[in-house]
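Those protein sequences? They're chains A and B, same order as listed. Numbered by our numbering, the letters in the first sequence go through residues 1 to 419 in order. Numbered by our numbering, the letters in the second sequence go through residues 1 to 419 in order.
It does not matter which identical chain is used: a pair holds within one copy or between any two.
When the alpha-carbon atoms are kept at most 27 Å apart in a straight line, the in silico BS3-like pairs for lysine-lysine are as follows:
(1) K293 x K84
(2) K417 x K237
(3) K293 x K86
(4) K86 x K7
(5) K349 x K359
(6) K365 x K84
(7) K349 x K365
Think of the hints as simulated: they come from the structure by calculation, not from any bench. Predicted model, so just to flag it, every value in this text is computed and none were measured.
Number of protein chains: 2
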Amino acid sequence: MASPKGKALVAQSGGPTAVINASAAGVIQSALADPDTFTGVYGALNGILGVLNEELYDLAAEDPAEIERLRRSPSSLLGSCRHKLKGLDVSRADYERILEVFRAHDVRYFFYIGGNDSMDTAAKLGRLAEEIDYELICVGVPKTIDNDLAFTDHCPGYGSVAKFNATAVMEAGLDTLALYTHDTCTVHEVMGRNAGWIAAATGLARRHEDDAPHIILLPEVPLVVEKFVDDVQRCLKDYKRCFVACGEGVKTPDGEYLGEAGGAFSKDSFGHTQLGGAANTVRAIIEERVGVKARTNRAGTAQRVARHFASATDAAEAYMVGQAAVQAAVDGVHGKMVTLVRAGGGEYKCTTGLVELEKVANGEKLVPAKFIDANGTGVTDAFRSYAGPLVQGEAELEIGSDGLPVYARLVQQLVEKRT
Amino acid sequence: MASPKGKALVAQSGGPTAVINASAAGVIQSALADPDTFTGVYGALNGILGVLNEELYDLAAEDPAEIERLRRSPSSLLGSCRHKLKGLDVSRADYERILEVFRAHDVRYFFYIGGNDSMDTAAKLGRLAEEIDYELICVGVPKTIDNDLAFTDHCPGYGSVAKFNATAVMEAGLDTLALYTHDTCTVHEVMGRNAGWIAAATGLARRHEDDAPHIILLPEVPLVVEKFVDDVQRCLKDYKRCFVACGEGVKTPDGEYLGEAGGAFSKDSFGHTQLGGAANTVRAIIEERVGVKARTNRAGTAQRVARHFASATDAAEAYMVGQAAVQAAVDGVHGKMVTLVRAGGGEYKCTTGLVELEKVANGEKLVPAKFIDANGTGVTDAFRSYAGPLVQGEAELEIGSDGLPVYARLVQQLVEKRT
Chain A
1 MASPKGKALV
11 AQSGGPTAVI
21 NASAAGVIQS
31 ALADPDTFTG
41 VYGALNGILG
51 VLNEELYDLA
61 AEDPAEIERL
71 RRSPSSLLGS
81 CRHKLKGLDV
91 SRADYERILE
101 VFRAHDVRYF
111 FYIGGNDSMD
121 TAAKLGRLAE
131 EIDYELICVG
141 VPKTIDNDLA
151 FTDHCPGYGS
161 VAKFNATAVM
171 EAGLDTLALY
181 THDTCTVHEV
191 MGRNAGWIAA
201 ATGLARRHED
211 DAPHIILLPE
221 VPLVVEKFVD
231 DVQRCLKDYK
241 RCFVACGEGV
251 KTPDGEYLGE
261 AGGAFSKDSF
271 GHTQLGGAAN
281 TVRAIIEERV
291 GVKARTNRAG
301 TAQRVARHFA
311 SATDAAEAYM
321 VGQAAVQAAV
331 DGVHGKMVTL
341 VRAGGGEYKC
351 TTGLVELEKV
361 ANGEKLVPAK
371 FIDANGTGVT
381 DAFRSYAGPL
391 VQGEAELEIG
401 SDGLPVYARL
411 VQQLVEKRT
Chain B
1 MASPKGKALV
11 AQSGGPTAVI
21 NASAAGVIQS
31 ALADPDTFTG
41 VYGALNGILG
51 VLNEELYDLA
61 AEDPAEIERL
71 RRSPSSLLGS
81 CRHKLKGLDV
91 SRADYERILE
101 VFRAHDVRYF
111 FYIGGNDSMD
121 TAAKLGRLAE
131 EIDYELICVG
141 VPKTIDNDLA
151 FTDHCPGYGS
161 VAKFNATAVM
171 EAGLDTLALY
181 THDTCTVHEV
191 MGRNAGWIAA
201 ATGLARRHED
211 DAPHIILLPE
221 VPLVVEKFVD
231 DVQRCLKDYK
241 RCFVACGEGV
251 KTPDGEYLGE
261 AGGAFSKDSF
271 GHTQLGGAAN
281 TVRAIIEERV
291 GVKARTNRAG
301 TAQRVARHFA
311 SATDAAEAYM
321 VGQAAVQAAV
331 DGVHGKMVTL
341 VRAGGGEYKC
351 TTGLVELEKV
361 ANGEKLVPAK
371 FIDANGTGVT
381 DAFRSYAGPL
391 VQGEAELEIG
401 SDGLPVYARL
411 VQQLVEKRT
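If we strip away everything but chain A, and leave its shape as in the complex, we get:
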C-alpha cells in the first residue's frame, strides 16, 4: 500500500538495554529527515502506558544534540513499561483507546522497540486498525538482551550484555584465582529467565582451559545436584578453584526455578520468591555438599545497561534496525519486524530483513544443543563463532569533565492532550 502522510510515534517497552536508545535514535533521526512522509515524530512516555495515558512528547522539540547523544546512551530513555496487553477479546478497550489517541494526534506510524510481547501488541493493534479502517503502519524494532527472539539471527542488546558479562566474568575469575585459598568458589549470576544466551556468552571469556567460567549453568540444561557436585569437585581438583556462571533461570529437573528451590534463603521477607536467587541456591549447594566457601556476584540491572563497555557492533546494528524500520515504513511495509540477517561466508557481515510480527510474537529461541558442550556446562566452538562477532569493538563513549560517562537527558515536554 502507499504510505500515508502523518505522524510517527516511537515507543520502547520491557527491560532496558545498553543500545535500545540507539534504535530509537535511528528511528527518530530517519523520520525527522523525511518530513514529506512524517508530519511529526512523537515519543510515548513509558511505552504503551504513555499512549494509553496520552502522555506524548514531540521529539522534534528536543535538542538534536541530545538525540545524537541518545545513540550512545543506555537504558530506555524514551521511558519504558512492563504493561502487557492481552488479546483483542479481553483488552479490546485498551487497543481502541490507543487508536483513539493515535487518531487524535494523527499518528499513522507506530514504531515499537521491544521483544515478543511488544511485537504481539503491535500486531494486534495493526489488526484492529485495519478492522476499523484506520490507516496505520506498525513496524517492530527488535530489542532484548535475552536474545530469544525467533526469526532474527540475534537481537540488538545481546552483544553488549554479552561483552560486559564475559568481561566481568574474566575479571572476577582472576579475583577467584588470586584468592582461591580463602574464597574458593564464586557463583556469578547473569540475567536470562528462559534462555541461556547471556550465561553462554560468559564462555567467551574462557580462552584457556583454566580460565573462568569453569562451569556454565544454562536454563536449557536442568541442574542435577549430584552431577553438579561432581563437576565442582573435579574442577577443584584440576584448578584448585571453581568459577560458576549461572543463568538466573536455571531449573531443577522438575522444571522448578533454582531460585525458588533453595529454601528460606531464596525468599524475601514476605515469603515471596525472588527470581535472581539462583546463585544463592548454587552457593548453598557448594557450601553444603562440597564443603568449600562460595561467594556470589549479581550485577542485576547494571549488567543490561552497561553502556560504558558496550559492543560497537551491537550499537551500530541497533541504530541500523531503527533506520531500517523507518525505511520499511516509507516503503509501505506494515505489520512486520526488522530482523538481523547474518551473511554467509568467512567474515561477519550483517544486514536487515523483515518478518511478520505475529511470527515473532509467538516464537522463542533457546540456546540450541549444538552450542552446548557434551557435559552441558560449557559452550562449543560453534557458539563462539556465532557470538564472537557480536561483542566486537568498543562502542563510542562520551566522557564528561568529571571522568564519568555523559548520557542523554531528554526534556520530554508533554504535548497537549486531545482526548
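Starting from the known structure of chain A, arrange chain B on it as the hints suggest.
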C-alpha cells in the same frame, strides 16, 4: 643505613583491586632495572602463605612483555591470601619461618602490597629481623579499594572502584528511571565493610538532583528505619522512583550489621550470616514499610577488579607507589609505607611520601563528617573535590582479537626449595 645487596621479594595480600598489579609492576620493573642492588626479584605465591610454604618464583624468568601487561591487569596476579599473622608473642614461629625462607634465598628486601594487616605483618617482620640481626628492608605499598588507610591522602585501588561503581549506579539509575512504573526502587550494594568511601563515590554520578543515587547509605551513618522510610517516601514523591546506593557494612543504631539484622533471608543455608546481605535487608524494609517493589544489584567481587573501566589516575598512581617503594628501599628507608600526598592548590597533583608501618597498621580512616551531607544520605562538594580527581581518565586497556580485554598470565614456575 646502607642498602644491602640481595634479592627482592614482592607479595600481594588481601582483596584484589583493578590496579594492585600496576603497583607490583612498578616494584618489579624498578627492581629488575637495578641489578647492582637487587640480585634477583622473586614473587611469593599467594602472599605471605607463599613465603611460609616457600612457594616462590623468579620474576626475571617471566616474559618482560607479561610484566608490562601486568601493569594493565586486574586482580592480584602474583597470588593473594587472607592469612593474618598475629602478634610476635603468638605467631613468632611464623615470623621466624618467614625469615628462615628469606635467609635461605638471600631475600634482603620485602615489598608488601596490601592494607592495614599487611603493614602490620611487615612491621613485625622487620622488628624480628632487627632482633635477630638479619639485614632486611621492609617497605609497604598501599592498596585497598576501601580507601581506609590512614596517613595517605587516598589508596591505590579506590579511584578505579569509585569510577566503576559511580558509572554502574549512573547506568542502573537510568534503568530505574525507564521502568519506575514497575520496578520503582533499586538498592545497589557496594563494598566497604567499615568505611563508606565506595558508597560515597557513587554520589559522583549525581550531576542533577533527580539523578541516582537519591539515597546513599554509609556505614558511618547508622540506619534508622523510620527516617529511612521517610527519605524513600519523599524521594518517591519528588522523582517517582528511588535509587539507593548501599554500603555492605551499613549498621543499625545498635551497631549490628544490616546484613545480619534482616531476618532469615540474610542467612545462608547453614544459618550463617553473609555480609553482603545489606541490600536484601534494605529491600525488605522498602517493600514492607513503603509498599513498593524494590530490586537489588550486587556486583560483588566484579566491582573491585573492573579493570575494563578503571581510572587512569589510579592506575598511574598505583604504578608510582610501586616505583617509589623500590626507590625508598635503595635509599635505605626501612619499616615504612609509601603514601600518596596531594599537593595543595587548584589543580590536582599527587606525589609520594613515607610513613611508619606501625602507624598505618593501627590506623583506620572513615569518611569524615565534612564529606557527608546534612541529611546523612548524600555527599558534599568537599567530597566531590576530594574524590573527583581520583576517577579521572580511562586507564589504557588492551583488547584482544576476540573483542575482550587481554590480561597478563604469569608462568610462576616455583624455584627449588632450600629449606
